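> All chains should be built: construct the whole structure from the sequences, respecting the hints.
Protein sequence lines, in the order shown, are assigned to chains A and B.
Following numbering that gives the first Met the number 0, the numbering of the first sequence begins with 0 at its first residue and continues without gaps.
Following numbering that gives the first Met the number 0, the numbering of the second sequence begins with 0 at its first residue and continues without gaps.
It should be emphasised that the hints constitute simulated quantities derived from the structure, not laboratory data.
What you are looking at is a predicted structure, and each value in this text was computed from that prediction instead of being measured.
Keep in mind that a hint or two might mislead.
Computed list of chain B residues with no C-beta within reach of chain A, every gap over 12 angstroms [unchecked claim]:
(1) D8
(2) Q16
(3) Q20
(4) S31
(5) S106
(6) A107
(7) E109
Now the stretches of chain B that chain A is said to cover, found in silico as 3 or more residues with beta-carbon under 8 angstroms [stated by the list, open to error]:
(8) 60 to 69
(9) 74 to 82
Derived Cβ-Cβ restraints for the label pairs, each shown as a range [as the list claims (entries may be wrong)]:
(10) A:P173 to B:T39: 12 to 22 angstroms
(11) B:T65 to A:D84: 12 to 22 angstroms
(12) A:S51 to B:Q61: 42 to 52 angstroms
(13) B:Q61 to A:G71: 49 to 59 angstroms
(14) A:P173 to B:I71: 35 to 45 angstroms
(15) A:H134 to B:S9: 37 to 47 angstroms
C-beta: ideal position from N, C-alpha, C; glycine also.
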Amino acid sequence: MNYLLRGIGVVAAVGVFSLLAFSLPSADAHGDGGGNVLPRTTNKAWQQECASCHIAYSPAFLPKASWRRLMGGLDQHFGENASLDPATQADILRFLEANAADSGTSRMGSRVMQSTGASAAPLRITETRWFVHKHDEVSQATWSRKSIGSAANCAACHRQAEQGVFDEDTVRIPKQ
Amino acid sequence: MTSAVAAADSPASLMAQYAQQAGVPVSGLSASRGAALYRTEHPGRDGKAVSCAGCHTANPTQAGRTRVGKRIEPLAPAANPQRFTDAAKVEKWFRRNCQDVLQRECSAQEKGDFIAWLSQAR
Numbered sequence: 000m001n002y003l004l005r006g007i008g009v010v011a012a013v014g015v016f017s018l019l020a021f022s023l024p025s026a027d028a029h030g031d032g033g034g035n036v037l038p039r040t041t042n043k044a045w046q047q048e049c050a051s052c053h054i055a056y057s058p059a060f061l062p063k064a065s066w067r068r069l070m071g072g073l074d075q076h077f078g079e080n081a082s083l084d085p086a087t088q089a090d091i092l093r094f095l096e097a098n099a100a101d102s103g104t105s106r107m108g109s110r111v112m113q114s115t116g117a118s119a120a121p122l123r124i125t126e127t128r129w130f131v132h133k134h135d136e137v138s139q140a141t142w143s144r145k146s147i148g149s150a151a152n153c154a155a156c157h158r159q160a161e162q163g164v165f166d167e168d169t170v171r172i173p174k175q
Numbered sequence: 000m001t002s003a004v005a006a007a008d009s010p011a012s013l014m015a016q017y018a019q020q021a022g023v024p025v026s027g028l029s030a031s032r033g034a035a036l037y038r039t040e041h042p043g044r045d046g047k048a049v050s051c052a053g054c055h056t057a058n059p060t061q062a063g064r065t066r067v068g069k070r071i072e073p074l075a076p077a078a079n080p081q082r083f084t085d086a087a088k089v090e091k092w093f094r095r096n097c098q099d100v101l102q103r104e105c106s107a108q109e110k111g112d113f114i115a116w117l118s119q120a121r
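Structure, rendered in structure tokens:
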């Protein structure tokens with residue numbers, strides 16, 4: 000049997016294995032790789048609509064009550080009209096609620112909730128005590144660097160934010 | 000991508016549609032009025048001047064940036080063939096952005112003018 004064919008066989012087997020390993024539900028109840036990596040849960044409308052203007056912020060960053068408030072006021076979304084048709088809006092809200100910080104579906108969410116009052120419904124992720132604490136070493140001058148612009152721009156420093164990865168070793172703060 | 004398959008609209012078909020709604024022939028759409036609409040600054044909600052060009056840049060064949068820094072693909076079909084190929088998406092963004100920039104909805108004439116201008120932007 001020639002080596003080329005064998006090689007193809009090995010590559011195919013490895014491919015199938017990794018496909019299975021990454022698509023099956025993880026044995027870890029949270030499946031979020033240690034709290035700074037978010038579960039790879041996704042929703043088409045959430046990704047498509049929310050990520051038009053900013054990264055699709057993970058549902059685990061805010062409690063359900065926050066998402067309800069936020070999705071109820073999309074026509075005045077931090078100064079911009081982000082209104083959606085009712086069906087899309089309801090679909091996204093269902094997804095956000097099911098995976099919210101207080102839904103018990105991620106370790107990131109549990110951490111956010113540890114410093115958020117049970118009845119609190121902050122509208123900005125950057126206002127949660129969890130966020131403020133995590134970023135307390137970042138100066139105002141750094142936030143306002145041209146390539147960062149605002150604290151809403153996670154991906155400026157968290158280079159794998161769009162993939163839900165917020166591990167410290169993926170952080171690169173741009174110099175300008 | 001399903002949207003690419005489902006999208007049966009084009010800049011020309013949308014212009015025809017908006018012209019019809021406005022009760023004018025397609026030749027009654029004006030690229031120069033569209034350009035003016037794109038560039039004119041208006042007082043925004045917080046008093047700061049806003050315009051289409053503010054986020055989409057002065058040159059619509061270039062990529063723009065949202066207020067929080069995310070890249071906006073170019074608006075001009077010459078630079079981004081995906082633009083104006085999905086009527087629902089076009090309506091969604093006119094609804095939102097006309098409210099943000101003009102504090103009102105855009106008329107069918109304005110929408111037609113706008114696409115007329117962007118279609119010929121190189």
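> Hint by hint, note whether the structure agrees.
To see whether the hints hold, each was checked on the structure:
For B:D8, the condition that its CB be more than 12 angstroms from all CB atoms of chain A holds, with the nearest at approximately 17 angstroms. Listed as a non-interface residue, B:Q16 keeps its Cβ farther than 12 angstroms from every Cβ of chain A; the least gap is roughly 19 angstroms. Against chain A, the non-interface label of B:Q20 holds: every CB pair exceeds 12 angstroms, the least being about 20 angstroms. Chain A leaves B:S31 outside its interface by the beta-carbon criterion, the shortest separation being 27 angstroms against a cut-off of 12 angstroms.
Remark: the non-interface label on B:S106 is consistent with the geometry, its nearest Cβ contact in chain A lying 17 angstroms away (cut-off 12 angstroms). Here B:A107 stays apart from chain A, with its beta-carbon at least about 19 angstroms from theirs, past the 12 angstroms limit. Listed as outside the interface, B:E109 is consistent with that label: its C-beta sits roughly 16 angstroms from the nearest C-beta of chain A, beyond the 12 angstroms cut-off. Beta-carbon proximity to chain A at under 8 angstroms applies to 5 residues in the segment 60 to 69 of chain B; the threshold of 3 is reached and the given coverage holds.
Remark: the segment 74 to 82 of chain B is not confirmed as covered by chain A, as 0 of its residues place a Cβ nearer than 8 angstroms to a Cβ of that chain, below the required three. Taken as a hint, the range 12 to 22 angstroms is violated for the pair A:P173 and B:T39, whose Cβ atoms sit roughly 33 angstroms apart. Judged by the Cβ atoms, the range 12 to 22 angstroms given for B:T65 and A:D84 holds: they are separated by roughly 21 angstroms. Separation of A:S51 from B:Q61 is about 18 angstroms and departs from the stated range, judged on CB atoms against 42 to 52 angstroms.
The hinted range of 49 to 59 angstroms is not satisfied by B:Q61 and A:G71, whose Cβ atoms lie roughly 35 angstroms apart. Range check, A:P173 to B:I71: Cβ separation about 20 angstroms, and the 35 to 45 angstroms hint is violated. Between A:H134 and B:S9 the CB atoms are about 46 angstroms apart, so this pair conforms to the stated range of 37 to 47 angstroms.
Of the numbered hints stated above, those contradicted by the structure are hints 9, 10, 12, 13, 14, listed in ascending order.
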